[in-house]
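Chains as they are written, first to last, in the numbering used here: chain X, 1 to 141; chain Y, 1001 to 1140.
Since the hints were derived computationally from the structure, they do not count as laboratory data.
In this text, a Cβ means the ideal position worked out from N, Cα and C, and glycines have one as well.
Honestly, I wouldn't trust all of these hints.
Sample of chain Y residues at the chain X side, in silico, Cβ under 8 angstroms [to be verified]:
hint, residue
1, K1031
2, G1040
3, K1044
4, G1046
5, K1047
6, L1050
7, G1053
8, V1055
9, A1060
10, E1068
11, E1102
Heads up, incomplete: computed chain Y residues facing chain X, CB under 10 angstroms, no partners named [said to hold, decoys possible]:
hint, residue
12, I1035
13, G1045
14, F1048
15, W1049
16, N1056
17, V1059
18, G1063
19, V1064
20, G1070
21, K1098
22, Q1100
23, T1101
24, R1104
25, I1105
26, P1108
27, K1134
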Amino acid sequence: MRLLISAIALTLLVAGAATVSAGTTKRDPAAELYIGWPNNGEVIKKRTIRVWFGMRNMGVAPAGIDVENTGHHHLIIDAELPPFDEPIPNDEHHLHFGKGQTETVIELAPGKHTLQLIMGDKDHVPHDPPLYSKKITITVK
Amino acid sequence: MTMCIRAVVAAAIVAIAAPVLAAEPSPEGAKAYIIWPGDGTVIKGGKFWLRMGLVNMGVAPAGVEKPETGHHHLIIDADLPPLDEPIPNDSNHLHFGKGQTEVRIELPPGTHTLQMLLGDANHIPHNPPVQSEKITIVVP
């Protein structure tokens, strides 16, 4: 019996933790985020690459702006998704587009690279639920 | 002399009023373009997602005053509206005041024109205006 209660308590703890493992800014559950270009598996012969950000059923707003169902884009290069309950890091692997940009030009060294988008709210924290794109792999020749 | 003073007063009122209506300056190199569909695309059924592209500038919802940002408008089957006043809001001029960058469109059979025009916090085109090329699509 004690074991069962412990198990229930543990389950509750895990459930409790789950609810804080995302930001608190709500968004349309139907929102979709994707990398418009390049495509997954693309082989690119130039070092500079224009990447455009695709999003449906949600809007873009610059960082610091509090408008319902909006956020700003972040591009993750050669890294895993960051924690969902804190501001997205700001470094060479996590590019912020806090001015409301919807595309960018990046320069990558020859080799394989991964790209993934994640939306951040006005405080750069992912939404609830977090909105991120599929992670794609490209090769720069 | 009285008339001269009146004229000066009138000029002063215009000068005061003008900054309120003045459009946001657009950043250098700002460019709007329709990512998809391309010019001349034939779209069976007339239903599609239109993607709006913006270079050297950011998107912000209507009402947000932030330099170098604006929100998208899509002009369907019409010419550019006057560039010194708020963009009309009707079935030929769609507003994306929530910061949207894509829209689901449904058009009847025929030839249609599509063109984007950015508006500032007050829906007024920037100075200089940021607009896309006008494209033509065909719904068979």
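Do the hints match the structure? See the list:
For K1031/Y, the interface hint is violated, the least distance from its beta-carbon to any beta-carbon of chain X being 11 angstroms, above 8 angstroms. A hinted interface residue such as G1040/Y counts as satisfied when its beta carbon comes closer than 8 angstroms to some beta carbon of chain X; here the least separation is about 20 angstroms, so the hint is violated. Checking K1044/Y against chain X by beta carbon gives a least distance of about 21 angstroms; that is not within 8 angstroms, so the hint is violated. Interface restraint check for G1046/Y: the shortest CB-CB distance to chain X comes to about 19 angstroms, outside 8 angstroms, so the restraint is violated.
For the restraint placing K1047/Y at the interface with chain X, the shortest Cβ-Cβ distance is roughly 14 angstroms, beyond the 8 angstroms limit, so the hint is violated. Taken as an interface hint, L1050/Y does not check out: its beta carbon lies about 11 angstroms from the nearest beta carbon of chain X, beyond 8 angstroms. Given hint, G1053/Y at the interface with chain X, holds; its Cβ is 6 angstroms from that chain's nearest Cβ, closer than 8 angstroms. For V1055/Y, the interface hint holds, since its Cβ comes within 8 angstroms of a Cβ in chain X; the closest pair sits about 7 angstroms apart.
Because the closest C-beta pair between A1060/Y and chain X is about 5 angstroms apart, less than 8 angstroms, the hint holds. Satisfaction of the interface hint for E1068/Y is found here, the shortest Cβ-Cβ separation to chain X being roughly 6 angstroms, below the 8 angstroms cut-off. With its C-beta approaching chain X no nearer than about 5 angstroms, E1102/Y sits inside the 8 angstroms limit, and its interface hint holds. With 10 angstroms as the threshold, the beta carbon of I1035/Y comes within range of chain X, its nearest partner Cβ sitting at about 7 angstroms, so the hint holds.
Of the supplied interface hints, the one on G1045/Y is violated, with its beta-carbon coming no nearer than about 19 angstroms to a beta-carbon of chain X, more than 10 angstroms. The interface hint given for F1048/Y is broken, as the beta carbon of that residue sits about 13 angstroms from the closest beta carbon of chain X, more than 10 angstroms. This hint holds: W1049/Y has a C-beta 7 angstroms from the nearest C-beta of chain X, less than the 10 angstroms allowed. The criterion of a C-beta within 10 angstroms of any C-beta in chain X is met by N1056/Y, whose closest approach is roughly 9 angstroms, and the hint holds.
Proximity of V1059/Y to chain X holds as hinted, the smallest CB-CB distance being about 4 angstroms (cut-off 10 angstroms). With a cut of 10 angstroms, the hint placing G1063/Y at the interface with chain X holds, because the nearest CB-to-CB distance is about 8 angstroms. Here the hint on V1064/Y is kept, as its CB sits about 5 angstroms from the closest CB of chain X, short of 10 angstroms. For G1070/Y, the interface hint holds, since its Cβ comes within 10 angstroms of a Cβ in chain X; the closest pair sits about 9 angstroms apart.
The restraint placing K1098/Y at the interface with chain X holds, with a minimum CB-CB distance near 4 angstroms, inside the 10 angstroms limit. Look at Q1100/Y: its Cβ gets to within about 5 angstroms of chain X, closer than 10 angstroms, so that hint holds up. The restraint placing T1101/Y at the interface with chain X holds, with a minimum CB-CB distance near 5 angstroms, inside the 10 angstroms limit. The restraint placing R1104/Y at the interface with chain X holds, with a minimum CB-CB distance near 8 angstroms, inside the 10 angstroms limit.
Look at I1105/Y: its Cβ only gets to about 13 angstroms from chain X, farther than 10 angstroms, so that hint breaks. Taking 10 angstroms as the C-beta contact cut-off toward chain X, the hint placing P1108/Y at the interface is violated, the least distance being around 23 angstroms. A hinted interface residue such as K1134/Y counts as satisfied when its beta carbon comes closer than 10 angstroms to some beta carbon of chain X; here the least separation is about 21 angstroms, so the hint is violated.
In summary, the numbered hints that this structure violates are 1, 2, 3, 4, 5, 6, 13, 14, 25, 26 and 27.
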